[in-house]
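Same order as they appear, the protein sequences are chains A and B. Note that my numbering numbers the first sequence so that position 165 is 165, with each residue one more than the last. Note that my numbering numbers the second sequence so that position 170 is 170, with each residue one more than the last.
Derived from the structure by calculation, the hints contain no laboratory data. A couple of the hints might just be wrong.
Claimed, not checked - So the derived list for chain A, only partly shown, Cβ under 7 Å to chain B, looks like this: (1) Ala262; (2) Val266; (3) Ala322; (4) Met353; (5) Glu357.
Glycine included, each C-beta is placed from N, C-alpha and C at the ideal position.
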Amino acid sequence: MNFLRRCWRVIAEPTLVRRLMMVQVVLVLVMWGGVIAIIVHNGGDSSTYLNSAKSFEAVISVAENLASQPVLQQQTLRIIDDALREEFDVSDLHELGPMLLVWQGERLVYQSKGAPTGLRGKGAAGLETVYLEGVRYRARTLRSHRSDTLLTAAAPVGWVNVFVTINSRGYFLLPLVISLPLLPLPAWWSIRIAMRPWRKVAQEVAARGPHDLTPLQFRPPHRELAAMVDSVNALLLRVSQSALRERSFIADAAHELRTPLAAMRVNAEALQGQDNGPVQRELLNGILSSGNRAGRLVGQLLQLMRSDATGNEPHVRLALDALLQDRLAALSGLASRDGIELELAVAEPVCVMGQRESLVSLVDNLVENAIKYSPPHGVVRVSLSRAAGRALLTVEDQGPGIAPALRERVFDRFFRDPQQTKSGSGLGLAIAASAAASHGGSIELGDAQGGGLLAQVQLPLCWGQV
Amino acid sequence: MKILLIEDDLDLGNGVRIALSEQGMDVVWVRTLDDASRSLAHDGCDLVLLDLGLPDGDGLTLLAQLRRNPVQGDSGGLPVLILSARDTLDDRLAGLDRGADDYLVKPFVLAELLSRVRALARRSYGFDGESIEVRGLVLHAPTRRVSVGGRAVELTASEYALLKMLMMRTDRVLTRRVLEEQTLPGSQTNASNTLDVHMANLRRKIGEGYIRTVRGIGYVIDQQARGGAA
Numbered sequence: 001m002n003f004l005r006r007c008w009r010v011i012a013e014p015t016l017v018r019r020l021m022m023v024q025v026v027l028v029l030v031m032w033g034g035v036i037a038i039i040v041h042n043g044g045d046s047s048t049y050l051n052s053a054k055s056f057e058a059v060i061s062v063a064e065n066l067a068s069q070p071v072l073q074q075q076t077l078r079i080i081d082d083a084l085r086e087e088f089d090v091s092d093l094h095e096l097g098p099m100l101l102v103w104q105g106e107r108l109v110y111q112s113k114g115a116p117t118g119l120r121g122k123g124a125a126g127l128e129t130v131y132l133e134g135v136r137y138r139a140r141t142l143r144s145h146r147s148d149t150l151l152t153a154a155a156p157v158g159w160v161n162v163f164v165t166i167n168s169r170g171y172f173l174l175p176l177v178i179s180l181p182l183l184p185l186p187a188w189w190s191i192r193i194a195m196r197p198w199r200k201v202a203q204e205v206a207a208r209g210p211h212d213l214t215p216l217q218f219r220p221p222h223r224e225l226a227a228m229v230d231s232v233n234a235l236l237l238r239v240s241q242s243a244l245r246e247r248s249f250i251a252d253a254a255h256e257l258r259t260p261l262a263a264m265r266v267n268a269e270a271l272q273g274q275d276n277g278p279v280q281r282e283l284l285n286g287i288l289s290s291g292n293r294a295g296r297l298v299g300q301l302l303q304l305m306r307s308d309a310t311g312n313e314p315h316v317r318l319a320l321d322a323l324l325q326d327r328l329a330a331l332s333g334l335a336s337r338d339g340i341e342l343e344l345a346v347a348e349p350v351c352v353m354g355q356r357e358s359l360v361s362l363v364d365n366l367v368e369n370a371i372k373y374s375p376p377h378g379v380v381r382v383s384l385s386r387a388a389g390r391a392l393l394t395v396e397d398q399g400p401g402i403a404p405a406l407r408e409r410v411f412d413r414f415f416r417d418p419q420q421t422k423s424g425s426g427l428g429l430a431i432a433a434s435a436a437a438s439h440g441g442s443i444e445l446g447d448a449q450g451g452g453l454l455a456q457v458q459l460p461l462c463w464g465q466v
Numbered sequence: 001m002k003i004l005l006i007e008d009d010l011d012l013g014n015g016v017r018i019a020l021s022e023q024g025m026d027v028v029w030v031r032t033l034d035d036a037s038r039s040l041a042h043d044g045c046d047l048v049l050l051d052l053g054l055p056d057g058d059g060l061t062l063l064a065q066l067r068r069n070p071v072q073g074d075s076g077g078l079p080v081l082i083l084s085a086r087d088t089l090d091d092r093l094a095g096l097d098r099g100a101d102d103y104l105v106k107p108f109v110l111a112e113l114l115s116r117v118r119a120l121a122r123r124s125y126g127f128d129g130e131s132i133e134v135r136g137l138v139l140h141a142p143t144r145r146v147s148v149g150g151r152a153v154e155l156t157a158s159e160y161a162l163l164k165m166l167m168m169r170t171d172r173v174l175t176r177r178v179l180e181e182q183t184l185p186g187s188q189t190n191a192s193n194t195l196d197v198h199m200a201n202l203r204r205k206i207g208e209g210y211i212r213t214v215r216g217i218g219y220v221i222d223q224q225a226r227g228g229a230a
């Protein structure tokens, strides 16, 4: 039952292949029906039979000449009748084929097999229509000039004719009848072959990444498809241009914000160096920490814009251990401000395929987070090793950690732990996760030894290191 | 010390000028490349703070010009610190490749700016034959002599090179890789162990409390002593 339903769904589902096949089948059926209609209308081949007047005159002559020898007459007429009807092969259904009746006076001297005895024309010139036992016949009646011999040639008219024609003209109709049910297979096959360029275009479109707005590579030479591919490419170009404009606008805006933020910082810090009362100091600290947050947010927005924009840049071989050493050295200034120690443990050299900028933002965001949530004089431990054919980077802090229920959600942009007391943008982990994903890696959060957050990043290794 | 500050933003330029003046530095602040060239040609300076996006052009062109045709009194080593909002790796490399000595991304922390300005000044004075001094540890570049609290210390060439690098960039962690590459060329095999051995010897000679290890990352000499640091 399920199988049937699935079959039906495949058939009922509108596809171009199905549509083309339906059109073909309908056209063939219409043509076939037309042929049958013409046969029915013209009375089929029987008309040629009914018009063979010379033959009928020959029959009359024979009947007259052999009137004295009834047996011989009967035999001879049978032979001529069979010869006349030879091409109208109706096998045993004689009442469907053309038929011949010969009278001499009121005596029926000959009748074809299956011919009803009462079938006798009135003798009008040309063809006439005779009804007998509910069957309509076209009939021609000839009267001898020399004697009282009368001949009626008749053929049943209507749908029965079709069968006669099919039977007699089988060599002509048979291929059509046989081919009709078999037509779908070659039709389906040929349409599939004809549609191959179409599928190729569809595959290329399906294989694209969400940020891939480059024009389609495959441009088929076929006019219909080429026009479509051209319009798709034109659309892609427009979309990518508008995306570029939007991104560069956000990047410019973020960029332009940096100078005033720097100015605010420098002025506030210079003011901090002056003699201030405790209230002023507190207010200045508020300004500075807001300035820090704004600066960090602007930096992260730029990172996000860039990670969206550089999704297609080539990946190169990178020594992750050296990169970590550089980044941690650069971040050690931030750490030492709060008296936090950074530690790096590299078990062995690790090489990954990646984009430097993106991996830097991954490392920076994880380590900055760890520093931010560390208690004063805490330790942030970073380790790098190879495990199960992947690069394994871990960042451990001694902060409050993240409740297991929230560990998935903290990767959402702008999501922040409601219990959190530290200021933050809620973008750091989202950026790190997006960077890891663009490298075919992943980030998992867990519990560090002795409390705190453990972030585990897995990245694919270079070829040859796996 | 005379500092030429090239920054077109009024608030930022004024803030930096005041902050640096507070530290006893002599700051000349200009807002265009034209004024900067004129000031460099007439008055010269000891250090340049350079913004990149200026109203009459890109700061990098001034930098290239400065490196091609050193102004009067500059032997080609005039320290240039770029202050820019452009933060990509490519931007930084472009700045450093054109001959900048350092690159600081806006918004920066004032303490970091001061630290880097001091480090640059020290580096350039070091080349000029001045001494570098950190909490009683003195390195005299021309004579390659090192003393701790007035007591002379004998160092090997490698130990001296390591100490000089760290002292010229106080407060900044130098990675093990950089130290290995810069001071121990040729020792490809077991460079890591060699570095550890040299550092241990150096520490034994100058005493504890100067060189701080950042485990797995590198070494740093802090300008101010750090409580509880190894």
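Against chain B, with CB atoms and a cut of 7 Å, does the hint on Val266 of chain A hold up?
-> holds, 4 Å
Interface restraint verdict for Glu357 of chain A against chain B (beta-carbon cut-off 7 Å) = holds, 5 Å
Would you check whether Ala322 of chain A satisfies its interface hint, that is, whether its CB is within less than 7 Å of any CB in chain B?
-> holds, 6 Å
Against chain B, run the beta carbon of Ala262 of chain A and see if the smallest gap drops under 7 Å.
-> holds, 4 Å
Chain B contact restraint on Met353 of chain A - CB to CB distance below 7 Å = Constraint on Met353 of chain A not satisfied, violated at 17 Å.
The structure fails hint 4 only (numbered hints given earlier).
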